[in-house]
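Protein chains in written order, with my numbering: chain G, 1 to 241; chain W, 1 to 375.
One or more of the hints may lead you astray.
[As the list claims (entries may be wrong)] Derived pair list, reagent style DSS-like, types lysine-lysine, alpha-carbon separation capped at 27 angstroms:
id : chain 1 : residue 1 : chain 2 : residue 2
1  : G       : Lys106    : W       : Lys263
2  : G       : Lys68     : G       : Lys106
3  : G       : Lys106    : W       : Lys126
[Unchecked claim] Label-pair restraints from in silico Cβ distances:
id : chain 1 : residue 1 : chain 2 : residue 2 : range
4  : G       : Arg52     : W       : Leu209    : 39 to 47 angstroms
5  : W       : Lys305    : G       : Gln63     : 54 to 62 angstroms
6  : G       : Gly69     : W       : Leu226    : 38 to 46 angstroms
7  : W       : Pro138    : G       : Gly69     : 50 to 58 angstroms
8  : W       : Leu118    : G       : Gly69     : 47 to 55 angstroms
9  : G       : Met118    : W       : Pro138    : 34 to 42 angstroms
10 : W       : Pro193    : G       : Arg52     : 38 to 46 angstroms
Hints listed in this document are in silico derivations from the structure and should not be mistaken for laboratory results.
Just so it is clear, the structure is predicted and the values come from calculations on it, not from any experiment.
Just so you know, even glycine gets a beta-carbon here, dropped at the ideal spot from N, CA and C.
Each chain, letter by letter, is given below.
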Amino acid sequence: MIRLTGVHKSFGAFKALEDVNLTVAQGEKVVVCGPSGSGKSTMIRCINGLERHERGTITVAGQSVSDKGQEIEEIRRSVGMVFQSFNLFPHLTVLRNLTLAPMKLKRMARSDAEDLAMSLLRRVHLEEYAGRLPDELSGGQQQRVAIARALAMAPRVMLFDEPTSALDPEMVKEVLDVMIELAETGMTMVCVTHEMGFAKAVADRVVFMCGGRIVEQARPDDFFTAPCTDRARQFIQQVIH
Amino acid sequence: MSTRISTAGQPFQAAPQHAWFRRLMAWARGNLFPTPFDAALNLVIVALFAWLVASMLPWALLDATWSGGSRADCTGTGACWAFVLSRLDQFIYGFYPAAERWRVNLAGTVLILGLAALLIRAVPGKRVTGLLMLLVYPPFAFWLLKGGFLGLTGVQTDRWGGLMLTLVVGVSGIVLSFPIGVALALGRRSDLPVFHGLSVLFIELWRGLPMVTVLFMAIVMLPYFLPAGMKLDSLGLAIAGIVMFQSACLAEIVKGGLQAVPKGQYEAAKALGFGYWRTSVYIVLPQAIRIVIPGLVNNSIALLKDTTLVMVVGLFDLLNIVAAGSSDPRWLGSATEGYIFVGLVFWTLCFAMSRYSHRLEHSLRSRRQRLGGVS
C-alpha cells in the first residue's frame, strides 16, 4: 500500500530523513516512535506530500508521490491525515467540517454528504455535536471530529501525526479508543505516537526511528521485550518509566 | 475601581413606587460619582456639553428660517435652511431631468431593499439576493440611470450629480474594489513569480499615489495617450481611478487577514486534497475576511468620504453641488448651512456602516453562527 525507498530529506543543513525504506501492507497497522527530532513526523508528512522528499521514491497504492499538483491532490484524497493540533476549520460547524471535502472534491450531493457525516459522527460518538463550532468542543472531541473528517473522504490509508500529544491526559483515552475501533475495521494505519499501550494493543509492527533513520522494525511484543539496539532500549525505558 | 452600591437585599426597602428612583440613584452613585475626581470630571463634561447644545440650538433650530426663495428671506440671526430645502431636489439628483427622476428613485429603492434583505438576518434567501445584487443589479442600475437603449431615453453622465452621484461612485467603488483587492492579496502571497510580482507592483504603485493625483491623471493626462477625438466618460474614469486606489488599500488589509490564518489550516485543507483555489475560497478567505471586517468597513467609510474628491475632475457630487449652489447670487452666504447638511448626510451614511460592522463582528463571534458564504 505504501512504499518508501531510499528517501532523503533535509531542512538546510539538518538531515531530517536519511535513506528511509519502509513498506506498509494493505490493512497493516504501523506505529512509528522515536525520540523527538528523529524524523517521524517528517516521514509521514512526506507520504502525503506535505513535505517534499528530495531523493528516493514514495508510492501510495502504486501511485508515485510527486510534486505535480493534480497527482498529489489525488493521492491526498485517498490518504487521510490527523494532526497533533486537530486543525479543524473554526468557521464551520462540525457537520460542515465533515461535508466540505466530500461535497467540493467528490461532488457528493449535500444530503448524501450529511448522511455520511452523521454516520461518521456516530462512529466517533459525537453525533449530538453536529451543529456546534469546533471551539465549543474539548480537545479530545475535536480530535475525534478530525478523525471523522479524514474518514469522510473514504481514505485507503490513515496517517496519524502524534494525535494525542496536544491533549490533556484524561482525553487521551477517548481518542485512542476511536483509533482502536478504526483499526478493527481493517484500515491501513501509520501512527506516530508515544502511546505504547496503543502500540501493544493495535500495532502489527513498531518502527523505531532515530537521527532520521529507521533503526529497528519489529512486532510490538519483540520490540518492547527485546529491542535489538541500545538506543531503542533507552527510549523504551524513558517512555515506559 | 468603582464601588457599586446595590440596594438589593437591604433590610428596609422604601415604598415600591420609589424603587426605580433608588435604583437610578444607586446606579448614578456607582457609575457617575464613585470618587470625587470622577464626579468632578463627569460634571465638567456634562456642563460643557450643555453649553454647546445651548449655544447651537437658537441658531440651528429656534431662530432658523425654513422656507424662502433667496437669502434675503432669512431673518439673519438663525440658520437659513431654506437654502437646503429649496434646492433639495438638485442636491439629490443633480441635473438629472425632472421627468426621468423616477429612474433614480427606482434604482435607489431596489438598492435599499436589496441591502436590507442582505443585512437583516431574519430575511431568508441571502445567497440568491446576494448574487442578484452583485450580478444583476449593477447592469440593471446602469441601464436605469444611463438609459439610451431598451426603451429608456439616454441621460449622459454629465447630468448626474448630488447624492445620487456620490452613491454611484461610492457603491461602485466598494463593490468593484473588493474582488480586485482579494485577488491582489492572494497574488501578493502567491508563489508564482509573475502573479506575485505584478500584484506587488500594482499595490505599491497605487497605494503610493494620493487619490487626488490619480483623479487628475485620469482626466488630464489620459486623453493625451488616447487617439484624437476619442473622449472617455469622466465619471467612468473617476470610478476607475478610485477602484484602482481602493483595491490596493484593500489588498493590504486582506493580506493581514491571510497572514493571521494559522499554517495548520492550510495543511489540513491540503491533506484532504484541496488545491490552492479551493483552499483559498472555502477555508482561508472566509477566515481571513472575518478577521479583517473592521478594517474593511473602515476602508469603505474612507472611500465614501473620498468620493468628494471627484470634484477635482469636475463632477458635481453632493459636496460640490452644494458648494456650487451656495455661490448662486440669490443664496450667497449660505455655505455654512450647505456644508452642515453635507456633513450630516455623510455622517449618517458612515455611522450606519460603522454600526453594521459592529453588529456583524458581534454576530460572527456569537455561537451557532453558520457561515453563509460557503456551501
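Outcome of the hint check:
| no. | hint | result |
| --- | --- | --- |
| 1 | G:Lys106 - W:Lys263 | 24 angstroms, holds |
| 2 | G:Lys68 - G:Lys106 | 20 angstroms, holds |
| 3 | G:Lys106 - W:Lys126 | 26 angstroms, holds |
| 4 | G:Arg52 - W:Leu209: 39 to 47 angstroms | 41 angstroms, holds |
| 5 | W:Lys305 - G:Gln63: 54 to 62 angstroms | 57 angstroms, holds |
| 6 | G:Gly69 - W:Leu226: 38 to 46 angstroms | 42 angstroms, holds |
| 7 | W:Pro138 - G:Gly69: 50 to 58 angstroms | 34 angstroms, violated |
| 8 | W:Leu118 - G:Gly69: 47 to 55 angstroms | 36 angstroms, violated |
| 9 | G:Met118 - W:Pro138: 34 to 42 angstroms | 41 angstroms, holds |
| 10 | W:Pro193 - G:Arg52: 38 to 46 angstroms | 18 angstroms, violated |
Of the numbered hints listed earlier, those contradicted by the structure are 7, 8, 10.
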